[in-house]
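Now for the letters of each chain:
There are 2 protein chains.
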Amino acid sequence: MTVRHPGEVMGSRKPTMADVARHAGVSLKTVSRVVNQEPHVRASLQARVQAAISALGYRRNEAAARLARGATMLTLGLVMENISNEFYSRLAAAVEAAAAEHEALVVFGSYEESSDKERMLIESMYARGVDCLIVVPSAADHAWLAEHASLTTVFVDRVPPGLEAADVVLLDDVWGGRTATEHLLSHGHRRIALISDDDGVSSVHDRATGYRTALAAAGVAAEEELVVHGVFDPRRVAYEVARLLDLPSPPTALFATNNRAAIGILHALRERPERPAYVGFDDFALADVFNPGVTVVRYDTARLARSAVDLLLNPSRAARRMKVPVELVPRGSGELPPPFRPTMG
Amino acid sequence: MTVRHPGEVMGSRKPTMADVARHAGVSLKTVSRVVNQEPHVRASLQARVQAAISALGYRRNEAAARLARGATMLTLGLVMENISNEFYSRLAAAVEAAAAEHEALVVFGSYEESSDKERMLIESMYARGVDCLIVVPSAADHAWLAEHASLTTVFVDRVPPGLEAADVVLLDDVWGGRTATEHLLSHGHRRIALISDDDGVSSVHDRATGYRTALAAAGVAAEEELVVHGVFDPRRVAYEVARLLDLPSPPTALFATNNRAAIGILHALRERPERPAYVGFDDFALADVFNPGVTVVRYDTARLARSAVDLLLNPSRAARRMKVPVELVPRGSGELPPPFRPTMG
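For the record, the sequence lines run as chains A and B. In terms of my numbering, the first sequence has 291 at position 256, counting the first letter as 1, and numbering is strictly consecutive. In terms of my numbering, the second sequence has 51 at position 16, counting the first letter as 1, and numbering is strictly consecutive.
Next comes chain A alone, as it looks inside the complex (with noise of 0.2 Å):
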């Protein structure tokens, strides 16, 4: 049997993909999984499309190799809350990079505040191939996943619910939140609010830990008609910090437990005369933009990032749980003193 070049074939047009798909009567698709090694292909389509690929003399050129090494990268899936909150987008951005540090690749999704979702979500990547996983857990039980034992998955800000035995790179939410506070109250604050979120979390419970240890340290009571929990949409934000401004005694003061209630405070103050100081947990893009500046917790996300890839590529027996450490950025909204009210005497 003569081998018969390209040239003979089809003028001086190189044979491509789909030239071997046609010739071998297959797909596109089984040409590139034959070409690309795949396993799971049957024999005999094999067989046809190496025929093919001899027959015409297809070669695997530099772009192919390219196609071939992107179809069997590493690739890492990322399971998300919520992509449109920059918190997400910010890691989501850093986990890109420090899984290309190690020639991996990154697919994301997210679940939008659904645990059913999340669930489907992960099952999909696990049974599409993706190689390991990085899972920000929502607030739902997790003990199912242990039924996945050979997909290994770390987990990233928050513990996962009903999995005692993860590796876990949180934040250092309780000192986090303590400093903030502690920060407000050492600018003369003494009716701090705090904004806060889904409580079932464990970085927002953390958080408000920290918060009430740090007024419980001042000697300074909690006052539970300051606290604000389950506030996740900014309009929604925006009205309960009217609301807390317009009580008899207002607080001077707001710590937020995360970067999305920004968008409804900093609604809610543009329309006030006398600014309440503010100190939120996590950076955002605009911050320091504002006047004032908006004080916050900030932590390294390339950190972050980097510490879950790591744990997920040195898979361990033993469960491993990390802290990234974060830091206080004062820019101005958490430096503003108490209004100065003259007191009976």
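Since the hints were made in silico from the structure, they are not lab data. Please note that a few of the clues may not be correct.
Partial list, computed: chain A residues near chain B (C-beta under 7 Å) [as the list claims (entries may be wrong)]:
#1 I118
#2 S119
#3 S124
#4 A127
#5 L140
#6 V142
#7 G144
#8 S159
#9 L220
#10 A256
#11 I298
#12 H302
#13 V324
#14 R352
Derived Cβ-Cβ restraints for the label pairs, each shown as a range [as the list claims (entries may be wrong)]:
#15 H264(B) / A200(A): 50 to 58 Å
#16 R271(B) / P327(A): 19 to 27 Å
#17 E259(B) / L109(A): 43 to 51 Å
#18 A251(B) / K358(A): 53 to 61 Å
#19 R247(B) / R338(A): 26 to 34 Å
#20 Q81(A) / L363(B): 55 to 63 Å
Heads up, the beta-carbon is just placed ideally off N, CA and C, and yes, glycines get one too.
Please build the complex by placing chain B on the supplied structure of chain A, with the hints as guidance.
Frame of chain A, contents of chain B only:
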């Protein structure tokens, strides 16, 4: 052969997938593939798994059924430039919402200005069985994608170079650029700077075309010293804006072709006693919290996403091109008048 019931084998606990895997001597992943009826599992492995399922009395519970649904759900890949940019995080959230209406999941990846990485991401998603793709293409040639004709792909926001016959959903970029510029002209500006990034990308190029068209229609000469192309980094944008404002004859207004420029522009303007007017393309979460609010060209990201998903799920032989309308939202920054400069005479 007696079927052993779970109770006999391991006390009161129901058998899990992990038990099936151990019993069959296969990986959890193989069990998952069999349970989820995925193709390409060797017949011998299938038989072993099925035997273990019978022997242990393993039953897919409600959770396992949901698992299977997750694994077989339509999965859509979204390939973007840079997830840390709010345009993309909004787009990703909107595509997820649109896909959810069709009970489809979305996995995304971003290629960070590297067209090589764009290609690897697409190939990796393809190899991993993603069912169809939405791509915001880089400025590189995409002719290679024609080899993967079997993978339905819709492009968003930009025309993919080298692929004439592709489905594309665009914004009305020329109209948006023209309207933004006309708005500034109508407020008395004649020296309007253009702050732009990669002019090789069709959307950016079209917005700049709109700018030039509006100037020409108003009989205003386009001054090349007021046009900045190729700036991405916010610090670089801030530097360029400061440089423009320090020109002997500075611009009195700015038009920026994307939201990423806002960070740099707002930084640069914060220090300036005399503010130029400013209109940006793309809305962003904090745009109306600034004082003045940032005037933007806005569009319905949900509509952009829904159009792409609709094209994807209703494939056609003929290439289709759709345009999503845009609108100008005045918030203050774009309505500032030029500074009063007394003229000699």
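Comparing the hints with the structure gives:
For I118(A), the suggested interface contact is upheld, since its CB lies about 5 Å from the closest CB of chain B, less than 7 Å. Annotation: S119(A) was flagged as interfacial toward chain B, and the flag holds, the nearest CB pair being 4 Å apart, inside 7 Å. Contact between S124(A) and chain B, as hinted, is supported at the beta carbon level, the nearest pair being about 4 Å apart and thus within 7 Å. Checking A127(A) against chain B by beta carbon gives a least distance of about 5 Å; that is within 7 Å, so the hint holds.
Hint status for L140(A): holds, given a least beta-carbon distance of 5 Å to chain B, under 7 Å. Given the 7 Å rule on beta carbons, the hint for V142(A) holds: about 4 Å separates it from the nearest Cβ of chain B. Hint on G144(A) holds. Least Cβ distance to chain B is approximately 5 Å, under the 7 Å limit. Nearest Cβ of chain B to the Cβ of S159(A): about 5 Å, under the 7 Å cut. The hint holds.
For L220(A), the shortest C-beta to C-beta distance to chain B is roughly 27 Å, which exceeds 7 Å, and the interface hint is violated. At about 33 Å, the closest approach between the beta carbon of A256(A) and any beta carbon in chain B exceeds 7 Å, and the interface hint on this residue is violated. At its closest, the beta carbon of I298(A) sits 5 Å from a beta carbon of chain B; the interface hint therefore holds under the 7 Å criterion. With 7 Å as the threshold, the beta carbon of H302(A) comes within range of chain B, its nearest partner Cβ sitting at about 6 Å, so the hint holds.
Given the 7 Å rule on beta carbons, the hint for V324(A) holds: about 4 Å separates it from the nearest Cβ of chain B. The beta carbon of R352(A) is not positioned within 7 Å of any beta carbon in chain B (closest approach about 16 Å), and the interface hint is therefore violated. Distance hint check: the CB atoms of H264(B) and A200(A) are about 54 Å apart, consistent with the given range 50 to 58 Å. Checked against the given bound of 19 to 27 Å, the beta carbons of R271(B) and P327(A), roughly 26 Å apart, stay inside it.
For the hinted restraint 43 to 51 Å between E259(B) and L109(A), the CB-CB distance of approximately 47 Å keeps it satisfied. A hinted range of 53 to 61 Å holds for the C-beta pair A251(B) and K358(A), which are about 59 Å apart. Checked against the hint of 26 to 34 Å, the pair R247(B) and R338(A) fails, with Cβ atoms roughly 45 Å apart. The hinted range of 55 to 63 Å is satisfied by Q81(A) and L363(B), whose Cβ atoms lie roughly 58 Å apart.
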